[in-house]
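Line order of the protein sequences matches chains Z, Y and D. Going letter by letter, the first sequence gives residues -18 to 117 in our numbering. Going letter by letter, the second sequence gives residues -18 to 117 in our numbering. Going letter by letter, the third sequence gives residues -18 to 117 in our numbering.
Check before you lean on any hint, since a few could be wrong.
Which copy is meant is left open, because identical chains are indistinguishable; a pair holds if it fits in one copy or across any two.
[What the hints assert, rightly or not] Derived PhoX-like pairs: lysine-lysine, alpha-carbon spacing no greater than 20 angstroms straight-line: (1) Lys88 - Lys(-5); (2) Lys55 - Lys88; (3) Lys(-8) - Lys5; (4) Lys88 - Lys(-8); (5) Lys87 - Lys(-5); (6) Lys90 - Lys55; (7) Lys11 - Lys(-5); (8) Lys87 - Lys55; (9) Lys11 - Lys88; (10) Lys(-17) - Lys55; (11) Lys(-17) - Lys(-5); (12) Lys(-17) - Lys87.
Hints in this document: simulated from the structure, not taken from any laboratory.
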Amino acid sequence: MKIYEEELAVKTTKRIEFVNITHKVEEVVKNSNISNGICYIFVPHTTAAVTINEDADPDVVNDIISKLNVLVPKNESFYNHIEGNSDAHIKSSLIGVSLEVFVNNKKLKLGRWQGIYFCEFDGPRYRSVWVKVLGE
Amino acid sequence: MKIYEEELAVKTTKRIEFVNITHKVEEVVKNSNISNGICYIFVPHTTAAVTINEDADPDVVNDIISKLNVLVPKNESFYNHIEGNSDAHIKSSLIGVSLEVFVNNKKLKLGRWQGIYFCEFDGPRYRSVWVKVLGE
Amino acid sequence: MKIYEEELAVKTTKRIEFVNITHKVEEVVKNSNISNGICYIFVPHTTAAVTINEDADPDVVNDIISKLNVLVPKNESFYNHIEGNSDAHIKSSLIGVSLEVFVNNKKLKLGRWQGIYFCEFDGPRYRSVWVKVLGE
């Protein structure tokens, strides 16, 4: 069994933004030299998340962001958290901070239209994404 | 360490539908001959997802579908994606495309009422589900 | 490769409640004696879930609960499931029942503000959480 790990740096430029990190994750898989296994992606923040969705038409992730903002607006009369970013924490739990993708032939195995997105919900900030590959 | 992988075919018959794939996934675990490990389930589509929920009363998944359609209706004035299926992409990211289940004694280890559902959000289509088992 | 597994018991005291299980999961990782790998957390229930979010200010998880109750109220005219807890099943699929966290140096590797929460959506009940550690 082989295990390999790297930390990615992601700089976000808006309060809410999806950043395509597919190529960065692919680079980690290549560096791991693991032929067959699983690639784990983990976001160590509580106001961000990670998701997989279409990477062809940028309107797709923009529509996801628009809808998340309607479902979970920045301000609600019942929010008590004093930092004023409860919406970002809620979005983080709805989307999730951990994901796994298959690794075959030393490459990420994604569907034809899939890309991996870091989801910023309370930026702009400097963020980290942890990537671990386990296999043989 | 042993690693085993299969691809499942799922045919959906409606635009939005949850298909119980528990037995198909169990079959992959059996074929893997792995006694103790993890079974990873990955949906390689951007308008579908995978979830675990009750498989006793079919009204449960029907109620989940009804509510998802209320929360994320097919049409919203602010959707820009030209294919007209932004709701399906949003539902995919809310539910998620990757899941893992424990494998013990060469069997999937699920809770008493749990089943694994392929979630179609833009069917009917022919779909794939990737299943990988890693363990010993 | 080493594999280790334990079952945690969680007692909930309200219908909807997030219980911080970080220390219990850390204890399992310690007991596993695994230095480097992945810790898998699985909730074997269909009206509960597991999430990672801030563990500093308790208002964060309270705000998440308040918002989930607004998005998915207990009663909707279109719910058909006869047990009257469809909202709990829906919340379970929105948040998810499986998660993974990295293990490094025989410890859970979480972000600075992150804690692991068992999410009760139909309590109070006696619940289980399955934890498996795989690595070397």
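Hints and how they fare:
1. Lys88 - Lys(-5): Neither. Shortest intra-copy (31 angstroms) and inter-copy (34 angstroms) distances fail the 20 angstroms Cα cut-off.
2. Lys55 - Lys88: neither (38 angstroms within a copy, 35 angstroms between copies)
3. Lys(-8) - Lys5: within (13 angstroms within a copy, 33 angstroms between copies)
4. Lys88 - Lys(-8): neither (25 angstroms within a copy, 28 angstroms between copies)
5. Lys87 - Lys(-5): Neither. Shortest intra-copy (34 angstroms) and inter-copy (36 angstroms) distances fail the 20 angstroms Cα cut-off.
6. Lys90 - Lys55: neither (36 angstroms within a copy, 30 angstroms between copies)
7. Lys11 - Lys(-5): Neither: 30 angstroms inside a copy, 39 angstroms across copies.
8. Lys87 - Lys55: neither (41 angstroms within a copy, 38 angstroms between copies)
9. Lys11 - Lys88: Answer is within; shortest intra-copy Cα gap is 7 angstroms, inter-copy 26 angstroms.
10. Lys(-17) - Lys55: For Lys(-17) and Lys55, neither the intra-copy (43 angstroms) nor the inter-copy (45 angstroms) Cα distance is at most 20 angstroms.
11. Lys(-17) - Lys(-5): This pair counts as neither: shortest intra-copy Cα distance 37 angstroms, inter-copy 43 angstroms.
12. Lys(-17) - Lys87: both (12 angstroms within a copy, 17 angstroms between copies)
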